[in-house]
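Peer 1: Whole structure, please, built from the sequences with the hints as guidance.
From first to last, the protein sequence lines are chains H and X.
Mapping to the working numbering: the first sequence position 66 is 66, numbers consecutive.
Mapping to the working numbering: the second sequence position 87 is 87, numbers consecutive.
Hints are computed from structural coordinates only; laboratory data are not their basis.
Treat the hints with care, as some may be off.
Pulled a few chain H residues facing chain X out of the computed Cβ check, cut under 8 Å [as the list claims (entries may be wrong)]:
(1) LEU6
(2) HIS7
(3) LEU11
(4) ALA15
(5) LEU16
(6) ILE19
(7) LEU41
(8) ALA44
(9) LEU68
(10) ALA78
(11) GLN92
Here the structure is a predicted model, which is why all the values come from computation and not from measurement.
Even glycine gets a Cβ: it sits at the ideal position worked out from N, Cα and C.
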Amino acid sequence: MILTPLHLCLLLSSALFCIGLIGALSRSSSILVLLGVELMLNAANLNFIAFWRYGPNPAAGTGVLFVLFSIAVAAAEAAVGLALVIAIYRHQRSIRLQDARRLKG
Amino acid sequence: MTGLLIIALVTLVPAAVAMALRNVIHSALLLILSWAGIAAFYFWAGAEFLAFSQVLVYVGAISMVVLFAVLLTRHTRTDGGVAPDTLGRALAGLLIGGAVLGVLFGAVLSTPLPIGSKPAAAVTVHGLGVELMERHTIALLVVGVLLTVALLGAVVLAASDSRSGPEDAR
Numbered sequence: 001m002i003l004t005p006l007h008l009c010l011l012l013s014s015a016l017f018c019i020g021l022i023g024a025l026s027r028s029s030s031i032l033v034l035l036g037v038e039l040m041l042n043a044a045n046l047n048f049i050a051f052w053r054y055g056p057n058p059a060a061g062t063g064v065l066f067v068l069f070s071i072a073v074a075a076a077e078a079a080v081g082l083a084l085v086i087a088i089y090r091h092q093r094s095i096r097l098q099d100a101r102r103l104k105g
Numbered sequence: 001m002t003g004l005l006i007i008a009l010v011t012l013v014p015a016a017v018a019m020a021l022r023n024v025i026h027s028a029l030l031l032i033l034s035w036a037g038i039a040a041f042y043f044w045a046g047a048e049f050l051a052f053s054q055v056l057v058y059v060g061a062i063s064m065v066v067l068f069a070v071l072l073t074r075h076t077r078t079d080g081g082v083a084p085d086t087l088g089r090a091l092a093g094l095l096i097g098g099a100v101l102g103v104l105f106g107a108v109l110s111t112p113l114p115i116g117s118k119p120a121a122a123v124t125v126h127g128l129g130v131e132l133m134e135r136h137t138i139a140l141l142v143v144g145v146l147l148t149v150a151l152l153g154a155v156v157l158a159a160s161d162s163r164s165g166p167e168d169a170r
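Peer 2: See the structure below:
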């Protein structure tokens, strides 16, 4: 059993994913839950880059392009998510997830 | 190899501390460090353009949006954050996360992977641009439309409703 650099990259990204998962599951501030989701997205991007770098064909920039699109979508998601947090705060005067049980505005 | 370990340390420790802290502002500031660590990983892996986009988008833009959201949703000046709901919920989250971590680590460590010692072929910015404009033109256009629609939607969601009176629009 030897640890290749690809193993280390995958271990790093799975650890980052689990940190994001724990944050998204256990925190009750909606901003922190959103940040946990962002961390999980970043972990997935790390996997793309790791497999691109150590994959059979690193000359094709497919992994880089995938992460580029992923970063663009993540930016849109963060903007919409934080706008939702602000809208919820305006209605409920709180950003606790337990207080946001009503869909009616 | 040591470079990767340092990058892992810089990425994982701030992320873990940020998820454990109670003050949301401190968490956001620590996550900036974590995102910078991820940019360093991209740099280490030979994807320089991605490292710059990570710095621009995450370290520059998303962190500012998060800080603005934190500041806009505070009750008072000293209101640091949100108290955790119950100990049970935190423990359940920790348990599930630990279980997922164990499964992932077991799967990764028991998989034989190629060594891949050959140096990374340089993917130049020019090559990326040609790829984007030739093979992935549709995807590029769709991402542009998605960003436009998402940002317009964010403005519509976050804009204060003028009918609800001035006391509601703070």
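Peer 1: If a hint holds in the structure, say so; if it does not, say that too.
Peer 2: Structure-based check of all given hints:
Nearest Cβ of chain X to the Cβ of H/LEU6: about 5 Å, under the 8 Å cut. The hint holds. The interface hint given for H/HIS7 holds, since its Cβ lies 6 Å from the closest Cβ of chain X, which is under the 8 Å cut-off. Checking H/LEU11 against chain X by beta carbon gives a least distance of about 6 Å; that is within 8 Å, so the hint holds. Annotation: interface hint on H/ALA15 holds; nearest CB of chain X at approximately 6 Å, less than 8 Å.
A hinted interface residue such as H/LEU16 counts as satisfied when its beta carbon comes closer than 8 Å to some beta carbon of chain X; here the least separation is about 6 Å, so the hint holds. At its closest, the beta carbon of H/ILE19 sits 5 Å from a beta carbon of chain X; the interface hint therefore holds under the 8 Å criterion. Below 8 Å, beta-carbon pairs count as interface contacts, and H/LEU41 has none with chain X, the closest being about 10 Å; its hint is therefore violated. The beta carbon of H/ALA44 is not positioned within 8 Å of any beta carbon in chain X (closest approach about 11 Å), and the interface hint is therefore violated.
Interface hint status for H/LEU68: upheld, as the beta-carbon distance to the closest one in chain X is roughly 7 Å, under 8 Å. Given hint, H/ALA78 at the interface with chain X, holds; its Cβ is 5 Å from that chain's nearest Cβ, closer than 8 Å. A distance limit of 8 Å between C-beta atoms decides the matter here; for H/GLN92 the minimum to chain X is near 10 Å, and the interface restraint is violated.
Taken one by one, the earlier hints fail for this structure at numbers 7, 8, 11, listed in ascending order.
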